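Asks: Read off the chains here:
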Amino acid sequence: MRRLTAIALAGLFLVTVQAQEESAGSQSEAIKDAERALTVEGPSAEGYFNLGLAFQKNDQPVEALLNYQRALVLDPGLKAARNAMSALAAKQHVPLPPRTWQDDITAFVHPEVLVAVGSTLTWVGMFVLLFTMFSSRRKSWVTGLGVVAVLVGSLSFATGWVSDPRLANGSLAMVMAKDGTELRTAPTNGSSPIVSLPAGSPVGVLSPRGPWTYVALGGGAKGWVPTDTLQPVVPGETL
Amino acid sequence: MLAVPAWAASVSARLTSEHTSVGLPVTLQVIVDGTTNAFAPRDIEADGLRIQLAGQSTRVSVINGRMTTSRVYSYQVMPTKEGTLEIPAIEVTVDDSSQKTQPLRLEVSPGTPPSRRPAPAPSVPAPPGGGQPSQSGQQTTPDPDARMAFAEIILPKDSLYAGEIIPIEVRFYFNQNYSFQLLEEEPRFSGEGFTVKKFTEGVRSEQVVDGTPYHVLTFKSALTAVKSGEMEIPSITLHVLARIPVEGPAGFENLFNQFFRNSPVPGFTEDRELAVSTDPRTIPVKALPKENRPKDFGGAIGEFSISARATPEKTGPGDPVTWTVDITGRGNFDAMAGPTLVDDEGWRTYPPAETFEADDPVGYGGTKSFEYQIIAQEPQTQTPVAEFSYFDPNTEKYVTVKTEPIKVEAEGSSQPVAAASGESGSTPAPTASPTPGIEHLAKKHARSFTPLVRKTEFLVANGVALLILVGVVLFMLVRKARQGEGARRSRMARERNSAIGGLRNARLSDDEFLDGACKAVKLQSELAGYGDSTSWVRAMEPDGGPLTDLLASANERKFSGGLAVRVSPEDRSRITAALEAARK
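Chains as they are written, first to last, in this note's numbering: chain E, -12 to 226; chain R, 48 to 631.
In case anyone wonders, no lab produced these hints; they're calculated from the structure. Treat each hint with caution, since some may be false.
Claimed, not checked - DSS-like, lysine-lysine: derived pairs with alpha carbons at most 25 angstroms apart:
hint, chain 1, residue 1, chain 2, residue 2
1, R, K342, R, K267
2, E, K44, R, K337
3, R, K527, E, K78
4, E, K66, R, K337
5, R, K527, E, K126
Stated by the list, open to error - Which chain R residues stay away from chain E? Per the calculated CB distances, all over 12 angstroms, these:
hint, residue
6, R235
7, P336
8, D343
9, G346
These figures come from a predicted structure and were not determined experimentally. Positions of the beta carbon are idealized from the N, C-alpha and C atoms, including for glycine.
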């Protein structure tokens, strides 16, 4: 009887282990699928969101945060990525920069659209103004239209520029060291720490200097972190 | 009035109190009588004392019609050790000569100093020793031992957990016997180990502390410890400008005090910046217990309740149900992860959109809502259940709460859909989900990490537009210039024709004829591209002719002092004919 019970328990254990392995294998497969899709179809915000989701399901929160951040760099208005990153960051106690007015704008329109529309409108306005300048039959409403087009176009262009994380935030990186790192006042291990940065914390790279990199946090604090703890958000970039 | 000679200047020193305790400053005054042309050192070295110049003033006294001036240097003397300490003689340069003060002694005790009127200090770091604020409402007399300003921090508890948020109140007390002006709108907090939310706007009130009436400015905020251990809450500081009474002129002050009972002499005050700070305070910060920690615990600490609502109650195939989970209570909403979904089989769910509505100014209490879009994959009669775990610091236990399932009628959809959570207005599109269990988003736009403004296409397009713009500007400028030249030539041709036409008038005098003909020649030569009339006429008539004669007649009239030149009718005809021929 004991023997039968032992066999049954062993069988149950094997089934459980097998199920866990299958689940882990399924999640690993999901990561590979998402990576393959990015390679084949090219970069997209949705692709990086899918990859982040796959990492999150595979219990790799830091890699998930990195890919959510990549998705948001490509499309700051991708609410799914923003929500997923916000929830995961809260769970991992990762401080995220506060929401800004640029986030409110990009929630409605992609910054590239603002840049493209803005530059087109500016050029159209300039040509209209040029026409009225040299035309023998000047009409004030046409001139006004040109001025408005130039002003609105320039404003749209500038808004798109400052709202685009690829332009406004400079070079973004993320703390990838498993145990996080310390933001320090000077590029030495002996310098006093300013704040602890858990793994997955996004930082703005201001100046890489060999083994140490000068970075800025979303809240405005600046300091030094070891370069080898960081990974650039933009794939292929180096620090 | 008599001027005081330089050699009459004298230097003396005095302490506002000869007794104090370690860490409690007194004021040292170096007084130069008889001149204002004096220079005193900024820092003075003394064993056990830190002596720094805090300010200087000029004093004018008029006694029996004789005016004397004095220069007073005020030093802050901070004792750093106990005992009888000596302040050395201080060398002061007075009118190019050096004079020294007498050395002074200061008794420094380790404990509370004897009762005395405190000297105005640039920084007032601590509340009155042992003095508890009493409620205002009764008139009191000024206490000479009262402090000018102090601050205190009110914490609701003596210990807290790492990550826990607690409301705090910071009170700044300002003695009503002094005048203050705020230099900043809210206090400053800087230090490691704690984070503080933005302070609320200061609320003013009045309070009597140890018999002294104070204006009280109260700020509220919420404080969170970021790590465990014996943590020190750093000072919270507010900078103010204090108007401090200083001694009036000798003699005048005595006279004034006879009438006004030791009140400050009006008009003799000094503005000084004060940093009013709370005392740093050590508080034990405990780590969250690992025992009985739920697997879905996401860092929420506080007291919370959970509820849910769903709309619409009935949906067609593929239509999403908006299912909102509200977490209400008091705690660290900023660091809170969303609830865990259970019993969600047959539902496709997406990451929720989060909103927070605070019910107090610092965001300590409120409701955080997680709005899920859920789509039934098979016919469903009730929503999933949301489970939320938090740590209750009062009972020091983990608590798990969950919502009740809500009845809905949702028809199942065999079509997988991919709707980005919270993207209202977007139509769910078919997904290319390759892996079961992963809510993939379908690719909408190919994006590049290179921003548009750095892409070659954008730069080329804008470069082309710029080139076109410059080209058009140049073209228009040239065209306008040409149009101007053409118009000028047309005008000249019209004038020439008019001049030639006028020559046919037989009633013209000889002078008028000559003028008209010369004008026609000049215009014609310019139209023909010649710089002057003579060159054109020579080119037209190399062997002479009527136009050559015309110019000769014009010169003759010009250089003969205005004598009349006769032009015969035949000559007129020949000249006119020649001009008409040249015009053609």
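Asks: A separate judgement is required for each hint: does it hold in the structure or not?
Replies: Do the hints match the structure? See the list:
no., hint, verdict
1, R/K342 to R/K267, "35 angstroms, violated"
2, E/K44 to R/K337, "23 angstroms, holds"
3, R/K527 to E/K78, "70 angstroms, violated"
4, E/K66 to R/K337, "34 angstroms, violated"
5, R/K527 to E/K126, "19 angstroms, holds"
6, R235, "15 angstroms, holds"
7, P336, "17 angstroms, holds"
8, D343, "10 angstroms, violated"
9, G346, "6 angstroms, violated"
Violated hints for the displayed structure, listed by number in ascending order: 1, 3, 4, 8 and 9.
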